[in-house]
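There are 2 protein chains.
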Amino acid sequence: MQGEIITIGNELMSGRTMDLNAWYAAGRLTASGLVVTRITTVGDDPEKLSTALREALTHSQFVIITGGLGSTEDDITNEIVADTLNRPLSLDKEMLEQIKLYVEARGIEMSASLEKMAWMPRDARVLKPDGNVCGFSLVEGPVRLYFLPGVPDQMRFLMDECVLPDILSHSKTLPVLRHRVIKIYGLNEPAVAEILKKLPDRSEKIVLGFYPRFPENHITLSLRGHDEPTVTLELDAMEKEIRNLVGAYVFASGNDSMEAVVGRMLKKRGMTLSVAESCTGGLIGNRLTNVPGSSDYFQGGVVVYSNQSKVDLLSVPAEMIERWGAVSDPVVRQMAEGVRERFKTDLGIAVTGIAGPEGGSPEKPVGTVYIGLAAEEKTVSRKYRFWGTRKQVKLNSAVMALDWVRRYFHGDSFLSGF
Amino acid sequence: MQGEIITIGNELMSGRTMDLNAWYAAGRLTASGLVVTRITTVGDDPEKLSTALREALTHSQFVIITGGLGSTEDDITNEIVADTLNRPLSLDKEMLEQIKLYVEARGIEMSASLEKMAWMPRDARVLKPDGNVCGFSLVEGPVRLYFLPGVPDQMRFLMDECVLPDILSHSKTLPVLRHRVIKIYGLNEPAVAEILKKLPDRSEKIVLGFYPRFPENHITLSLRGHDEPTVTLELDAMEKEIRNLVGAYVFASGNDSMEAVVGRMLKKRGMTLSVAESCTGGLIGNRLTNVPGSSDYFQGGVVVYSNQSKVDLLSVPAEMIERWGAVSDPVVRQMAEGVRERFKTDLGIAVTGIAGPEGGSPEKPVGTVYIGLAAEEKTVSRKYRFWGTRKQVKLNSAVMALDWVRRYFHGDSFLSGF
Numbered sequence: 183m184q185g186e187i188i189t190i191g192n193e194l195m196s197g198r199t200m201d202l203n204a205w206y207a208a209g210r211l212t213a214s215g216l217v218v219t220r221i222t223t224v225g226d227d228p229e230k231l232s233t234a235l236r237e238a239l240t241h242s243q244f245v246i247i248t249g250g251l252g253s254t255e256d257d258i259t260n261e262i263v264a265d266t267l268n269r270p271l272s273l274d275k276e277m278l279e280q281i282k283l284y285v286e287a288r289g290i291e292m293s294a295s296l297e298k299m300a301w302m303p304r305d306a307r308v309l310k311p312d313g314n315v316c317g318f319s320l321v322e323g324p325v326r327l328y329f330l331p332g333v334p335d336q337m338r339f340l341m342d343e344c345v346l347p348d349i350l351s352h353s354k355t356l357p358v359l360r361h362r363v364i365k366i367y368g369l370n371e372p373a374v375a376e377i378l379k380k381l382p383d384r385s386e387k388i389v390l391g392f393y394p395r396f397p398e399n400h401i402t403l404s405l406r407g408h409d410e411p412t413v414t415l416e417l418d419a420m421e422k423e424i425r426n427l428v429g430a431y432v433f434a435s436g437n438d439s440m441e442a443v444v445g446r447m448l449k450k451r452g453m454t455l456s457v458a459e460s461c462t463g464g465l466i467g468n469r470l471t472n473v474p475g476s477s478d479y480f481q482g483g484v485v486v487y488s489n490q491s492k493v494d495l496l497s498v499p500a501e502m503i504e505r506w507g508a509v510s511d512p513v514v515r516q517m518a519e520g521v522r523e524r525f526k527t528d529l530g531i532a533v534t535g536i537a538g539p540e541g542g543s544p545e546k547p548v549g550t551v552y553i554g555l556a557a558e559e560k561t562v563s564r565k566y567r568f569w570g571t572r573k574q575v576k577l578n579s580a581v582m583a584l585d586w587v588r589r590y591f592h593g594d595s596f597l598s599g600f
Numbered sequence: 183m184q185g186e187i188i189t190i191g192n193e194l195m196s197g198r199t200m201d202l203n204a205w206y207a208a209g210r211l212t213a214s215g216l217v218v219t220r221i222t223t224v225g226d227d228p229e230k231l232s233t234a235l236r237e238a239l240t241h242s243q244f245v246i247i248t249g250g251l252g253s254t255e256d257d258i259t260n261e262i263v264a265d266t267l268n269r270p271l272s273l274d275k276e277m278l279e280q281i282k283l284y285v286e287a288r289g290i291e292m293s294a295s296l297e298k299m300a301w302m303p304r305d306a307r308v309l310k311p312d313g314n315v316c317g318f319s320l321v322e323g324p325v326r327l328y329f330l331p332g333v334p335d336q337m338r339f340l341m342d343e344c345v346l347p348d349i350l351s352h353s354k355t356l357p358v359l360r361h362r363v364i365k366i367y368g369l370n371e372p373a374v375a376e377i378l379k380k381l382p383d384r385s386e387k388i389v390l391g392f393y394p395r396f397p398e399n400h401i402t403l404s405l406r407g408h409d410e411p412t413v414t415l416e417l418d419a420m421e422k423e424i425r426n427l428v429g430a431y432v433f434a435s436g437n438d439s440m441e442a443v444v445g446r447m448l449k450k451r452g453m454t455l456s457v458a459e460s461c462t463g464g465l466i467g468n469r470l471t472n473v474p475g476s477s478d479y480f481q482g483g484v485v486v487y488s489n490q491s492k493v494d495l496l497s498v499p500a501e502m503i504e505r506w507g508a509v510s511d512p513v514v515r516q517m518a519e520g521v522r523e524r525f526k527t528d529l530g531i532a533v534t535g536i537a538g539p540e541g542g543s544p545e546k547p548v549g550t551v552y553i554g555l556a557a558e559e560k561t562v563s564r565k566y567r568f569w570g571t572r573k574q575v576k577l578n579s580a581v582m583a584l585d586w587v588r589r590y591f592h593g594d595s596f597l598s599g600f
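The listed protein sequences correspond, in order, to chains Y and F.
Under the working numbering, the first residue of the first sequence is numbered 183, with each subsequent residue one higher.
Under the working numbering, the first residue of the second sequence is numbered 183, with each subsequent residue one higher.
So here's chain Y without its partners, still in its complex pose (with noise of 0.2 Å):
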């Protein structure tokens, strides 16, 4: 099945917005065994719009369009699909309800333009997988067109729940498809490319996608097959391969994020964890709490963004710093000592180093990071040079930070010591 995809917007013409909306559509199309032949990118423009539209029907079997669903005065879509198609508006009762709902649930008044988005095209059947974000399709002759909303996170979650799986119950391909994405920390992207030149019989039918997601690195694995568990173990085998080229760098496979592998691996032991945050600012904190019920493991921690904090909260002593400076072996194992002291858990990470783009020195040049690990047996500390921008330094430092807890249970290399 063949299809296109119409992206639509005043910020993708211009170049202030990339166009991320376009890019994953794209990509969870193919890796469905779907083949998009065409991106079109159109201002919040009626006649524009309305011609890409037009072309779009005399080419492909699906559309998926995003962009213009709004209440502003620049979200012309419902407009522009009646007056193209023939489809004149009217009041859409279930989608009325839906917008009084949500906006009542937040205590929004309604108004004229909020109504606006409840006028569809004439045998527009809504899109609503969770009542709180909304589309619609529609079926013109042998076209099956999506309309969805510009907000990423809007678009991505109707495409996955709504748009993918209805276009697959129409297709003729194979009936099973399962995807696969396996994260690695700590490998760069040509390392992680060459590693994956090696893979021995490589699968034909497996697609296999490649996703720089900074810091980390990102592999996908696509396969359609007649039924689950056939396909299920070909991914079982392919990701066994993987995994054994690439080591202890794979941290997780699926959706789990850095910081949710490590709590549950705190959580499972009934260990606790603290941390000492100095040009990471809170970010380390930030991600662990970003995961529900972190509270288990995660008894807190301190932002000591100036040397009197290191002194006043974590003990570390004035001369020590004097000595060696603020971002040096000496100081972030103190840290990491005194916090794990001063919150009494099981674990104490600790950061301190230079995010930039000020306060480097030829000695420690921006990007210069010390981290270190306190548990009861040992206290462990290395010294490492991040490159790029202050948010890239501060943001590889937490992930790193975090990847040693994990490499402290997965009893690794350097951290083996314990």
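Bear in mind the hints are in silico, worked out from the structure with no lab data behind them.
Cβ atoms here follow ideal geometry from the backbone N, Cα and C, with glycine treated the same way.
Any given hint could be a false lead.
[Unchecked claim] Heads up, incomplete: computed chain F residues facing chain Y, CB under 7 Å, no partners named:
no.	residue
1	Met200
2	Trp205
3	Leu216
4	Val218
5	Arg220
6	Thr222
7	Leu415
8	Leu417
9	Gly463
10	Gln481
11	Pro539
12	Gly542
Following the hints, complete the assembly by docking chain F onto the known chain Y.
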């Protein structure tokens, strides 16, 4: 002058690669005062490319085409252009010479597939600003076509060095184009949309855009004109009108973030800040430290995720937590005062709440958040009810806490009690 962009490549259709070239070209053209009316992406597919070319020729004064110029089998652009525009390929000696020099300098052997790149459509003009990177241009009736390599660095270089100057030398559009972003926090989308409708004397020439960026809302203004001072004056006037309508909910214009605005306010007054975070888990500290130089005013903070740590680190009485709960007005006030004392800062802000999805109760449902601000004169606190996912509740709480500092200096409404 209006034009289109066509990007070519199977990797774009499969979602393996994000379309950085279309994004770059659109941004550069728009910033140069030109209008992009459509972006079309096709795979390495003769028929689709030919159709896209023909369609673009009927609508545009210029067309930028990227990709398919290389030496591999799937590089089909030259051939398709020759067929579609009826301009037979012939060996371009200048281009051949160019390629020979290039490969010799790199110790590569000349081959038939490399020579293929020198077979150009009739009357093609080679673009080679520095003798390394090559593309070509064609004039087809009233339309100027530019063919560029798909490698982003090369494409960008040719775009800036050759394509933009050439288009601008033939364009009659107004030379100056300026954008402005006005950032709003604390008003929901429908409220912002309603306010935009009220704009008096809305200049037809100023293009308004509205971009929700949870939890912020951004309004963009774009204006084209003859000279910088006039354009700036008109944008200033419109910004003033919007600020009058929206009031103190406007927290920044331009590229400023909330944390940068707050940071500048603190720095200007030589004042310092510390934060006590419960449900935000470190997010406020993380945001504050994303700003370079934030160590000038941000001393640090504590993440008191457990009740015990609220007692130990911030001197919150255990009986207070027992009586009112950790998510309560007395506790947030003590947290703010406690962190201010511990870090010896001018201001202390505190957040405690229920981010969900678990932990809510009928009296204190998920999304209940208390914010407190302690200064020398006084401590102020307030209860909020935020909506959305765990991450959204955290984000809204963090931005609201930062906004309190802004409003404190602003001398605003409920914080004016100071």
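Structure-based check of all given hints:
no., hint, in the structure
1, Met200, "holds (5 Å)"
2, Trp205, "holds (5 Å)"
3, Leu216, "violated (10 Å)"
4, Val218, "holds (5 Å)"
5, Arg220, "holds (5 Å)"
6, Thr222, "holds (5 Å)"
7, Leu415, "violated (22 Å)"
8, Leu417, "violated (16 Å)"
9, Gly463, "holds (3 Å)"
10, Gln481, "holds (5 Å)"
11, Pro539, "holds (6 Å)"
12, Gly542, "violated (12 Å)"
This entry does not satisfy hints 3, 7, 8, 12, going by the numbered hints stated previously.
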